[in-house]
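> Residues per chain are reported as follows:
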Amino acid sequence: MMNPWFAAVTGHWDGLPVLPGMAITAYANALAWALVLAWLFACMAARAPVSLRRALVLAALVWGLLPGAVSPSYWLGLTFRAPSLITCLIVLAALWRSVGPQARWLQRAIKRPAEGLQWQVLAALVLGYLLLLDTLALLPLPLPLPLPLYAFGFSPLCLLALGVVSLIPWVFPWAAGRSGGSAWVLLPLALLLFVLTRWPSGNVWDAVLDPCLWLVLHAHVWRRARRL
Amino acid sequence: MTLRWPVRGLFGLVFLGVLWWLDVGPRQAPLPPMQAAVSVRAVAADLPSLQKDAAGFLPMATDALTAHASNLLAMPQGHTATLTAFWFSGDRESAPNVQIAASQFDRASQTWLPARNVVDRIAVAQKLGFGVRRLGNPVGWLDTDGRMHLFVVGTGAGGWAAARILHLVQSSEQSDLAHLSFVPVNVLPLSWLWNTSFLVRNSPLQLADGGMLLPVHFELGWKYPAAVRFDAHGNFVGMVRISAGHHLLQPTLVVESPTQWRALMRSQAPERRIGQAVSDDAGQHWHDVPALPMANPDSALQTLSLNSNTHLLVHNSTPQDRSVLDLSRSTDAQSWQLETHLMQGGDKDEYSYPSLAYADGAVWVSYTDHRKHIAWQRFVPKPGQGAKP
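Line order of the protein sequences matches chains A and B.
Residue numbers are given in this note's numbering: position 143 of the first sequence equals residue 137, and the series is strictly consecutive.
If you count the second sequence from 1, you need to add 14 to reach this note's numbering.
Honestly, the hints are just simulated from the structure, not real lab data.
Predicted model only: the values in this text are computed from it and were never measured.
Each hint should be verified, as a subset may be incorrect.
Distance windows between CB atoms, simulated [stated by the list, open to error]:
{"#": "1", "chain 1": "A", "residue 1": "Y21", "chain 2": "B", "residue 2": "D77", "range": "28 to 38 Å"}
{"#": "2", "chain 1": "B", "residue 1": "A246", "chain 2": "A", "residue 2": "P61", "range": "26 to 36 Å"}
{"#": "3", "chain 1": "A", "residue 1": "L52", "chain 2": "B", "residue 2": "S185", "range": "32 to 42 Å"}
{"#": "4", "chain 1": "A", "residue 1": "P95", "chain 2": "B", "residue 2": "A171", "range": "34 to 44 Å"}
{"#": "5", "chain 1": "A", "residue 1": "R221", "chain 2": "B", "residue 2": "Q334", "range": "17 to 27 Å"}
{"#": "6", "chain 1": "A", "residue 1": "V56", "chain 2": "B", "residue 2": "I136", "range": "21 to 31 Å"}
Backbone N, C-alpha and C define an ideal beta-carbon position, used for all residues, glycine too.
Isolated chain B, as found in the complex (with noise of 0.2 Å):
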């Protein structure tokens, strides 16, 4: 029976309003348009300047001879710990026994506790169905439920270029570190190449409406940052494209306004600077803007927007290595100035891949020392200038 074509389209119709309405259905509605958390939530507002009040080493994961990018995250008050961080340590840099750790400073004992390793990169290939040759760089966020989410670098065939970002869930009841355990719940479905050369770095932007802005990077022979939306409860929303340009990676966000973000970058340019671009519409379109006439070794770097008119960064300041790290400070998050240099060491030194956090009234940094160790220094105001709430 041959159908004329009018009838055929009837049906075709029926099909596709069965297919609009299966798809549809299980959407949750839009989100409203994207607006910081800190430009409505003031952390602490003019923070003078900043003295070191305790420094030293994290400790290390068993048998762990590397650790290297570190990223902490502050837990809420009434949590047993301040702050959560997470490295990956294991022989080497990209090595088979390669796994995420973990350690917490305990708000009692005012001490880190022991590390252990909350990650396993066999384990997670299991649960996903598939491989998972290495894993890289740990990035921790607490959702509106107070749930831990880890977004991990883990590759495919090949070195980092062949990255992907796994996201993991906090899957034991209790976040404290003696019984903190993570499951997958998927790749980020970030690129059509095989989901391939996506990497994550730098901690996210908080939302006000509980969800956050995850910064993100491409690194398939072209470099270019892009940042993907979460809802209040870790579920994706979408991403966007931060930079035009293709020799800029590790974006890190700041909050200038309500509406006026800015990203700063490591940048892979001859020039050497801090590359970066804006938004004036709260992260829904960017556009590129000159670097900063600050110098970046092709190195990470990291800020935090403690309100809208106090802005840190730390960052390698020198441009052929990564022996110097700076914590510096601005107003604008266009003139930065020096607050204190962190590490100064030889040609042959590194400090890097830094992390920035602010709990419990004080700024805590911790980067990589030599690729052997994660460092940590901890700063507060200096006497008789407290932070003015």
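Next comes chain A alone, as it looks inside the complex (with noise of 0.2 Å):
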């Protein structure tokens, strides 16, 4: 059953969902691709020198872009649909690092994006857990909401929830741990370019978190348990 104050809040406030148009489909899906394929590539030449890898970089950006099947992004696309906003972002951010000039106090204002922020990250896993379950119908309903979870991501309430725990490490810089940096400006920043292009999906949790980067995360849960 749906909560009363739920079905009276969103009786008022919830519109139906926006999804984003076809122009903005292909061409981000496409420069979404592009930009993981080059941090691929940086990575894989790290030792190599600036020069080699920014060249590198920019193949890559030029392969990604191609229109078509000759294209990865075309294949890429096909079996894993489109990377999230935060995907990018952190994908950005790496390349900023790797090849994006080398003054120190750039560098130093794009740290690394998971330091300092373990527990986002562990949510993120959580959450990761909660929608697979979820699109497997295995999460039992109802939960505390009236909708799927998945179909709750179309909600503007969903993205107003997002929205104030994205700003926890802004109001309360202890919250990101001792070395947060800025690594906390990509939720907020992924959340409004979200709602200026409603890419990849239309829903809010698919910009936020994809089953690739969901995975990846456990491989760094993992690193840092190990660590510890």
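Two chains, two separate frames, one set of hints: put the complex together.
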């Protein structure tokens, strides 16, 4: 049954979902996968001179942005649909560190995104499990939510809740940990980009966490746990 | 400069306000609760006994060796065609050259027009910006503007379990077969897991507000049915799950009253009976009820509600195979009586994936014949028992 408070609130505020336009879908998918590909190239050439890394990144971007089946974006999209905005921002930050201007203050500004955000990483892991269970219809209903968890991602209330969570490290800096750096910006920035573009699907869960990122986070947490 | 937390909080509130404004601004107002069109606009009251009036095969698209999963769409009065039929055809099911074919039953000549392909996998992929590995089941619908929408299964990396539902809309000015063409609108966003494993098969339920409820199902390991709502212009509204079970798929929707709806489903449970679920609030919430005492050999079925107490069902009626295809009728969607055998074959025969439509005072059925052709049959009231309006 629908929670009466929730019904009252959403009855006034909840509108129809807004999906991304066809042009945004096509071009943003290609750009997103091109960025991921460029980051992979940069990682593979991590010990090479910056000039070589830059050339490789440029080549990867061009390859990823080619139209049609000659582009890896075409096949990555076929398999994985689209990366999340958070993935894109993490990759962009990593690319900046790898091949961006080497001025020290710029490099300081873009710290490793995962530094000091361990509770957000753990929250993302839990969220991924919940979304996976929801996809497989193994999450028992009714939850406190009136909808399946994934469907709740179309609601403005879900976006607002994520917005509040995203600002916790800003309002309460100690929540970001000792080495929080600028990584907290990722989530609010992703939410802002999402409301402007609705990419990748119009559902905010797809904008903040994709299954590939979720799998990578497992490896990240595993590495951190082994160091403890 | 370090800001105190109240100041940061104030900035945070401003950010949230901007976020909310940007998010809610472009959204359309929420729709009222659903109401089925059949409950307010009886299509044909008290249809008496039916008799077969015509039958045959749909024309095949050029060079197609196989045809499967047809879907019938009744066209409005005044259109040159009574019906549009969509199906997929190519060298074989899941072959790279499978396309979506269409034909129309011409009102003037009373014949099916030569089929032509209206959706091409490669062309759709170019528009989407990413690949579509294979095409599958098509389902058609007409919005309030008279524009045709087509929902087509398109797979990612893998088989049908890696499928997504492509939403295409008519791009041609006219909807006659000679001009009919489609462009993709989107891939329906139905799951977090790379948006995979949702498929469409059966016709939508027309809603009184001009929108529709599209029955779909998930089939990656577990199978479960769901329904996706669209507004009168074909905009995505949301999705609700139909069953908590994990063996039911390809739902088809029956309207018993304005608030009482029923979903009949293909079942992969060992008992091999038609699965069902019921909604008491016009599709907002669903709950499972025991399966019907009718066999289902893990095969597709389709219903058509002509009004609140006249329901038709086309289904394979033996538990072991798809060799018998029946047309049944019910007044309450719970007890069904055989109207006629549509096809009765031997062990190796297959008549499957039926579709139903009501147009020009007749009931139309199409189905796959041995995965090579799409067959059709038309039923009209027996003489002297014309449909009472």
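> Where does the structure disagree with the numbered hints, that is, which hint numbers, in rising order?
Hint 5 is the one this structure does not satisfy, whereas the remaining hints hold.
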